[in-house]
Amino acid sequence: MSIPLISYRVTQLLCLLPVILGVVGTLLPSFGYFPVAGFHNLNIDYYNTLWQEPGFSSMVVVTLVSGCLATCIALLLTVTIFSVFYSTSSWKVWRSLLSPMLAFPHAAFALGMMFLVTPSGWYARFFAFFTSGLTSPPAWHTVHDTYGVTLGIILGLKELPFLILMTLSACNQVNVSQLLKVGQSLGYHPVYAWLKIIWPQLLPQMRLPIIAVIAYSFSVVDIAQILGPTTPPTLAVAIMQWFGSEQLEQRLLGSAGAICLLLLTGLLMLGWLVLERLLIGKDSRWLINGMRNRLSLGWQWLGHVTQWIVWGVWVTALLSIVLWAVSWRWRYPDILPSEYSLKVWFRYSEKLLTLLGTTWFLALGSAVIGLLLVLGLLEAKKAQQRYALSWLYLPLLIPQISFIFGFQWLLVSLNLDGTWVGVIWSHLIYVVPYICLALVGYFKHFDKRYLTVAILLSGRSQYSYWRIKIAMLLWPISFAVAVGVAVSVAQYLPTLFAGAGRVSTLTTEAVSLAQGADYRVTGVFALAQLVVPLVTYGCAFLIPYFIYRRFSMMRI
Amino acid sequence: MMYLQKGVNYLVIFLLFLAAHNVTAQQLQQSGWNNTVKKANKQVVYFNAWGGSHEVNRYIFWVGQQVKRQYGITLKHVKVDDISQVVSRLLIEKTAGRDTEGKIDLLWVNGENFATLKNNNLLYGPFTQTLPNYQWVDETKPSVIKDFSIPVEFMEAPWGMAHLVFFYDSSVLKQPPISMKALLDYAKQHPGRITYPNPPHFLGTTFLKQVLLELAPSPELLQKPVSEVNFAKVTAPLWAFLDELHPVSWREGKVFPANSSQMRQMLDSGELHVSFSFSPSEATNAIHAGLLPDTVKSYVHKGGTLGNTHFLAIPYNAKAKTAAQVVINFLLSAEAQSKKMDPVIWGDPTVLAIDRLPEDQQAMFARFEKLPGMLTLDQQGKPLPEPHFSWTDALEKAWLKRYQQ
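One line per chain: the protein sequences are A and B, in this order. Counting along the first sequence from 1, when you hit position 47 you're at 47 in full-length UniProt numbering, and nothing is skipped either side. Counting along the second sequence from 1, when you hit position 128 you're at 128 in full-length UniProt numbering, and nothing is skipped either side.
Worth flagging that the hints you see were computed from the coordinates, not collected in a lab. Not one of these hints is a red herring.
Straight line, CA to CA, 25 Å or less: simulated BS3-like cross-link-like pairs of lysine-lysine: (1) A:351 x B:79; (2) B:79 x B:118; (3) B:68 x A:351; (4) B:79 x B:42; (5) B:76 x A:351; (6) B:42 x B:68; (7) B:339 x A:343.
Chain A with its partners taken away, still in its complex shape:
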């Protein structure tokens, strides 16, 4: 077997085995078969228990509300931003903000948002400052609200950069500028040209990312713990609690819940496919009703308002993290901390350094391994056909919590739970597909003639591959490593389950410390968590810059 084929097979094994065995390892316990814990009888008792669990229907409702809201908001914002701002002056800002937004770890973003929207948070303080009526925090139901609306909105904001990135790459498949010109020459306002001509062609390309957003929003645990409802929580959080119970039967109940969540997500994915058909299918009347610039000013205006809201939220979230991290006393209703101090940093310095080390090691380890695997598999003959790599994205389409429990059993039986290897493996499941997503376009469009010429001249194919192809693609490659690092840093559930409580990263620690409700500590850890991917992204830009200094023509 050649190296590319080997890495193709290895990647398949590494990424698919955990998901498939994981789902099976969750499915069997849900039907009462869990031999390691002494359950041997196949039955549907646990599903029956699940229906009767107090608040089960509310759990499903909050999961649906927050998940659907998150997907809708992320998608609507993406559509608005592209339709209104594509190739305007704001567009450059959006593109340059994209990497830091992507790099912002989910948990850190959730914590920053918590600082903003709690009744004693920054927004309430501004409100109190300008209205000067609120001497004590208002009774706003902003976090932990019963229906998970806040959770949905904030999830949507966090998924936005991912959808923008995916849309950008989908734009490569559709000739956007030409379509825009044609649309405008037919009298369509750019917004309408996007809505009626370009989006209908983009949406089918966007199926995978949109479905991935659905899967993620339905199964997210860390953000839901920080911001979501509590009595009852979302289904994913409830499943986590069942998995963590001291009563073994509860784990089987958790498995039944996880399978339910899987089905629910599947249903919603089908729902999206139907909705997509309705929106842009042949029978869709609004596409051909001839309307081409009605209310276009309103659209523009709406676009600008949304843009400023989104930017405002992201910037204030970041600022509040920084401020909490350097404050000592910051009571309601003070707009700014009354006492600043770095005491918390010193108090936690040792721990922070250890965690930074662990987090970097895991992130770089999984990003580099992931990169090598992807480089190999992209060269495999099997990978050349269309849709050949679709299996790689399976982990993104299955809710994490539906296979992570079964995956843990796989690790336990291989004696890999609580080891570096186990945790890196659990991260690779996600790191590999994202690295592949970041690279596949560049590799596909790479002009093979460069390599052919190089091989002809040098007579060494390996040498030419590294010195020409990889060197020319260095910029996307280092960007892909940064993506891999960011993905690894953000992993919460995989680290928790594969790490078996023995491997903790900045993410798991930040989420667990958030329970302590000491916002200064939370701020410090959120900021530290943010530093890792941001520094990596910085390096991803700087390293190729220095390397290319003398070979600027090689850059593509």
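Following the hints, complete the assembly by docking chain B onto the known chain A.
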């Protein structure tokens, strides 16, 4: 007379024998302990303990430094959100037959988790009576011998005491409500300012138990297992109370804070007017850490409040059992216990009988001056005993059924 003389003689001989025997036993024990300490050198102890508090984490870190220096033991604090997760891991390891080389050497436990561990034979022991420092433990405290009415029987070592203490900001609230009835009245006058943590969080469940203890016509029934009493009848006053409290509590009783830290944060921001904790020095601690203003004061209810003991146990399949015992013995030393009791460090009350300790060690406990927010032991009063452990689960289930819709 003669017989009596003889009898006394025998008695003296017997006593002498006993004393001599005792000495040798003690010596034996001492040399045995020295061997234990020697064997423990270079072992690694995985200490699974709740990791949600910086004070506790820092204290355990200090313990790690001490046992490293004094005994060459490496202590690794595995921070867990909820110790019941560890209990279920042990259950699984037992069923899976992982009877040696377990990954947990020491755990922080009490109540129903201890009951589960003990009933499933998941514990190593009895062992605590062999620890040299166990002799100073105050066994007159009922919760040291019976953990939520389960006999401890030397299967776990007492580590610290918990006592339900309420606190309030004296610049906001002049007269704290010193009973559940007064608390309800206060909530009616100030809607949205009173709440309790979400059961099954232990502090939320403790609040339910406290209400029940104060309102139940015959609180002694709570010492019996739930299966032996009429649960619906005994708990009726509790649900009536909560049905009245919820509409006037924080967020109309539809949402509850996750834990005492969140309540403390909301007390600080003025969202709540009363908070409470199972750690009597939490307010003092928080004032020192800049998390509460120094106008915060503590109080207890006039009929007394719940208290219990938390323990340390060793799983049956632990890899480093010897070192774990050495660590426990260190944790029971006056040095470790007094440091733990320092409100600035953790503020966890000691399990030792201070008055029985050697005088130089008594001084270690006397050094705590009066700090803001702190109650004296007299003001705290005698803790009320915990109900039988089966009440915890029953109350949590009933609460979830009623209020988690």
